[in-house]
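Put together the whole structure using the sequences plus the hints.
Chains A and B supply the protein sequences, listed in that same order. Numbering follows this note's numbering, with no gaps: position 239 of the first sequence is 239. Numbering follows this note's numbering, with no gaps: position 435 of the second sequence is 435.
For the record, the hints were derived by calculation from the structure and aren't laboratory data. Don't take every hint at face value.
[As the list claims (entries may be wrong)] Okay, derived cross-link-like pairs now, DSS-like style, lysine-lysine, Cα gap no bigger than 30 Å in a straight line:
no., chain 1, residue 1, chain 2, residue 2
1, B, K97, A, K452
2, B, K521, A, K437
3, A, K437, B, K522
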Amino acid sequence: MTNGTPAFELLLPLLLSLAGGLAVGCVRWKSRRAMLGLTAAVLAADLLITVYICLSGAAMRLPLFTVTEGLEAVLRADTLGKIFALLFAFVWLMAGTAAFEYMEHERDNPRFFAFYLIVGGVLNAACWAGNFFTYYILFELMTLTSMPLVLHSLSHEAVMAALKYLFYSMGGAFLTLFGFFLFVSQGESMTFRPGGSLAAGALTGQQLTAVMLMIAGFSTKAGMFPMHGWLPTAHPVAPAPASAVLSGVITKAGVLGVLRTVYYVVGPDKLRGTWVQTVWICLALTTVFMGSMLAYREDVLKKRMAYSTVSQVSYVLFGLSLLHPTAFTGAILHVVFHSLVKDTLFLAAGAVIIRTGRTRVSELSGIGRGMPVTMWCFTLVSVTLIGIPPTSAFVSKWYLAVGSLATGIPVVSWLGPVILLISALLTAGYLLTISIKAFLPEKTAQPLAVEKCEPGWRMTVPMGIMTGLSVLLGVWPGPLLDAVGTLTGLLF
Amino acid sequence: MDISLALPRLCGMGLSFRVDGFRLLFACLTTYMWLMTSLFTPEYMAHARKKGRYWFFLLATYLATMGVFLSDDLYTTFVFFELMSLASYVCVIHDEKPATMRAGGVYLAVAVIGGLVTLMGIFLLYHLTGSLSFASLRASCADLLAGGGREELKWLYIAGLCVLFGFGAKAGMFPLHIWLPMAHPVAPAPASALLSGIITKSGIFGLLVLAADVFAGDGAWGLLIAGLGTATMLLGGVLAIFSVDIKRTLACSSMSQLGMIILGVGMQDLLGEHNALAVRGTILHMVNHANLKLVLFMAAGVIVMNLHKLDLNEIRGYGRKKPLLKAVFLTGALGIGGIPLFNGYVSKTLLHESIVEYVELLHQGAGSLPGFLTPHQAAALFQGIEWLFLLTGGMTVAYMTKLFVCVFVERNADPALQREYDRKGRYCSPLTGTVLCLAALVLPVLGCLPGLTLDRLADTAQTFLHGHSPAHPVHYFSLVNLKGGLISVAIGAAIYLLIVRRGLMARREDGARVYADRWPKKLDLLTLVYEPVLLRALPALCGGACRLLDLLSDGVITFVAGTVFPAVFGFFCRVLDFVTDGCVLLLRRTTHRQRRPAPVVPDGYRFSYYAGTCLNAAARLLDRTVRRGRPSGRDYVLLLAERQSLYKDTRRLIRASASFSLLMMGLGLAAVVLYLLVLQ
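Structure representation (structure tokens):
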């Protein structure tokens with residue numbers, strides 16, 4: 001291993017966030033503005049440092065500590081980490097800004113922002129993890145620190161939901177631990193290396209089982225059937241900005257875990273054609289269909305979004321499970337696009353909740369008149385998520401479907417795109433109907449009591465930026481495609 | 001003229017455009033249509049709300065439609081096709097009334113579903129051929145059709161059918177036509193004109209690409225398209241005759257005319273090398289129909305903007321004493337009816353001739369046809385289709401006569417209303433009048449001078465469809481060709497007099513004859529099939545299954561982790577916990593039991609000891625059960641030992657006394673013997 005100068009930049013966001021989080025949480029703030037100012041400064045600094053890391057071409061590496069021979073915690077900047085870290089830091093800043101306004105309607109603000117900052121830092125560090133051990137530590141840390149975001153309101157429901165979240169996440173993490181122990185006991189270093197770091201040769205049955213468990217374990221965070229149960233429970237009770245990042249970012253940490261396991265530890269070639277791939281594809285496709293079907297039949301707005309997340313994140317998992325460069329490209333693109341879209345959707349839902357108190361889809365008739373900016377953002381990202389060209393998710397779905405057909409796996413190669421399209425139809429069914437209801441209310445519907453109920457700029461600007469990006473990245477996906485192109489070049 | 005523009009990587013796969021004859025023609029036509037309707041719109045929409053929204057989406061639709069017609073690969077076509085669908089939706093639902101919203105919903109649903117199915121087809125095509133540009137599609141699909149394996153051909157047809165689904169839906173093709181008769185009547189008239197005139201043509205554009213580039217010269221595909229086209233034109237014609245709503249009639253008429261165009265598209269593939277007539281007929285009927293529907297819908301729009309009514313019985317007689325409107329509408333009606341000297345006649349003649357030519361080719365043994373038909377059967381089939389084509393032409397004449405007579409000739413059943421209609425002064429602005437006249441003027445010009453106008457358009461446009469110029473110029477006004485038109489007119493007259501005047505009119509209570517809606521309400525694909533299946537059966541079924549999966553997975557995980565896991569493992573651990581203790585206990589009870597020293601049983605008292613112990617045990621048992629509360633309190637061992645010792649003592653005494661007695665008896669006997677022996 002090369003040992004250059006340790007790059008402390010990699011740890012900086014985490015330390016900064018920890019310090020900021022402690023300050024926000026422990027100091028008795030006289031003025032809310034000062035607290036928010038500090039939070040905003042830390043979020044912005046995190047983003048700037050991340051951008052700096054992404055732009056600097058040098059190979060950054062930072063050994064943290066060594067537990068025992070061959071078991072050390074290392075941070076390292078690579079292409080995949082850069083994509084994820086940049087996305088996470090950006091969305092974190094956007095959702096955080098929106099939270100400044102949203103949280104005015106909730107109590108215990110310092111606690112929320114303290115944990116919000118800390119989770120953000122931990123996530124950032126998780127993107128730089130250089131081996132499985134480091135990633136596992138940070139993954140668990142993220143679960144623990146994000147739980148307070150879910151139980152924020154401290155109602156019985158929220159606490160139970162948070163416990164469920166904790167239970168599912170821990171259960172999933174322990175499944176991955178099984179594989180970790182197995183491989184480490186066989187002398188593997190579990191270092192993240194493009195294309196896999198396991199010893200050459202086919203995997204034994206036991207090792208395959210371990211890989212399946214690792215995939216299933218990380219997929220718990222990504223909401224893959226049958227471990228998706230925590231999402232529809234945790235999302236509706238959490239504050240909207242928390243739901244937004246839970247759905248848009250933290251599920252992606254699960255995706256990152258799967259990615260690192262399959263493409264950086266095990267290696268796609270070792271899994272191609274095994275029963276693990278078959279099972280994984282089946283589970284992912286089931287989730288895609290099930291999630292959107294349930295979203296279509298759900299009336300509570302945030303629960304609908306949660307089921308939508310279940311479905312959409314499994315698009316990503318489906319793309320990864322095909323072990324094909326084109327599908328992989330689609331999956332990475334969908335990670336980015338879905339993050340932007342789902343955050344906007346949740347923030348819009350949050351705006352509706354704080355300004356009108358309405359939580360059900362059936363109550364949203366005519367709301368477009370009261371909050372045009374919010375609902376326009378909502379509509380545009382909906383169109384994006386459905387995959388109507390030329391918006392972004394169309395591009396990612398194109399790559400997913402073309403990749404699926406190119407794999408030539410019997411049945412799945414064509415059934416996959418069919419399910420993706422049926423799911424897209426259902427997405428239209430559960431999102432466009434909201435927009436139509438909002439802008440073109442039936443004449444019989446009760447008019448909205450509040451005429452002008454647009455949220456302030458701190459919510460509309462982040463929504464607008466993310467909406468703009470999610471549309472523009474569809475029209476000009478060039479830079480993103482370049483980045484993913486280097487990645488597929490390394491991995492396949 | 002041939003300009004192309006490629007924008008690589010835009011929208012992921014890159015967009016490419018080309019301007020050549022066909023595309024230039026349709027780009028100009030699109031612009032012309034938009035220009036004319038836009039000039040008409042301000043007056044039509046004078047009192048409407050949200051004009052800004054309407055104009056914005058109208059322009060967006062324009063851009064998207066241009067994108068479709070200028071695209072040079074299927075990806076670009078699809079991108080703009082989807083944009084066009086969404087943008088035109090907002091134009092359709094402009095007045096936001098419940099009926100409009102329902103029709104708009106159907107339009108949007110068909111567009112979204114059609115778009116997604118088409119997308120699937122495009123995925124498959126891309127997978128099969130590796131490129132979507134029209135030129136390379138043509139080359140690689142020709143290879144596939146010529147030498148592809150069974151499996152590849154199967155997938156090519158599946159891909160074709162998927163692509164056909166979305167474009168066919170937009171082109172109002174049976175059985176996906178449902179949106180067409182619903183959306184046109186509710187949309188603002190300028191939007192209807194565009195929807196019917198040009199947006200449906202973008203669907204035809206997709207069909208043309210399929211026919212000319214993907215399945216070029218393929219008989220099976222040609223037969224399928226021709227069949228669907230025939231069904232569409234017949235159904236459209238029948239629906240139009242039955243309709244009692246002016247804009248609905250025009251919409252159904254669009255469907256019928258589109259059916260003719262689709263039939264022409266099918267004929268291109270069937271005719272193969274000899275497709276000149278079909279290609280030119282298709283292109284010219286697209287152009288003509290766009291112009292005709294522009295005129296007709298704008299004329300209908302003038303009526304609607306004055307009366308806000310669509311029902312034929314209510315607007316009946318409105319057009320009397322309005323010569324300008326009457327002339328414009330009549331021009332449109334004659335044009336679409338295929339009357340010689342008007343433009344519709346030219347293209348219909350070409351389409352008709354192409355069918356005739358195919359039948360002749362079949363008799364000669366040429367022309368491509370699907371494998372499962374003999375040339376003889378095919379000839380008979382297309383003979384039938386030729387007659388159906390003429391019949392549809394007749395139906396066109398009939399329903400246009402119905403509209404014209406109703407609005408411009410007859411008096412309203414309500415005399416007061418008729419007086420009001422006749423009194424009305426200005427019914428449209430000079431600008432609108434000019435636009436109407438200009439649009440209507442085009443029709444006879446095209447129809448009277450086909451050699452100068454339409455033929456030239458066809459010459460420039462046919463290269464896109466790889467059509468060949470006809471061997472000799474078509475004499476539109478020759479006796480043979482006029483015969484077809486005249487047969488249609490005769491059929492139309494018969495239908496009008498026998499069916500419309502007799503069957504479709506009813507006598508009201510006050511004796512006036514009015515138009516009756518005789519079409520059975522139940523007979524509607526939408527409410528009969530699509531809605532029950534797509535909105536109720538499928539969601540209920542799949543939703544139920546998914547809900548079950550969801551509950552099962554969550555329930556099973558929670559149950560297993562919350563109940564089963566603690567119970568099973570708790571029990572197991574309890575067992576483990578008890579194992580050592582249990583073993584010790586077992587040993588203590590069995591092999592390592594603590595034992596008291598055995599009581600010393602004195603010799604000779606064994607029986608009383610054992611029997612007494614047994615009796616003691618029995619007594620204790622009895623004490624615990626039968627004699628509860630009254631314990632005997634005896635020790636049977638002692639009792640028996642006492643008895644035994646008494647018995648022993650007694651026996652010893654008896655034994656001792658018996659032996660003394662015997663001694664004495666012996667002595668006595670001895671004495672007796674002695675006495676006897678001695679003394680005697």
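Checked hints:
For the suggested pair K97(B) and K452(A), the alpha carbons sit about 24 Å apart, so the restraint of at most 30 Å is met. A C-alpha spacing of about 28 Å is found between K521(B) and K437(A), which places the hinted pair at or below 30 Å, so the restraint holds. Under the criterion of a C-alpha separation no larger than 30 Å, the hint pairing K437(A) with K522(B) is consistent with the structure, at around 29 Å.
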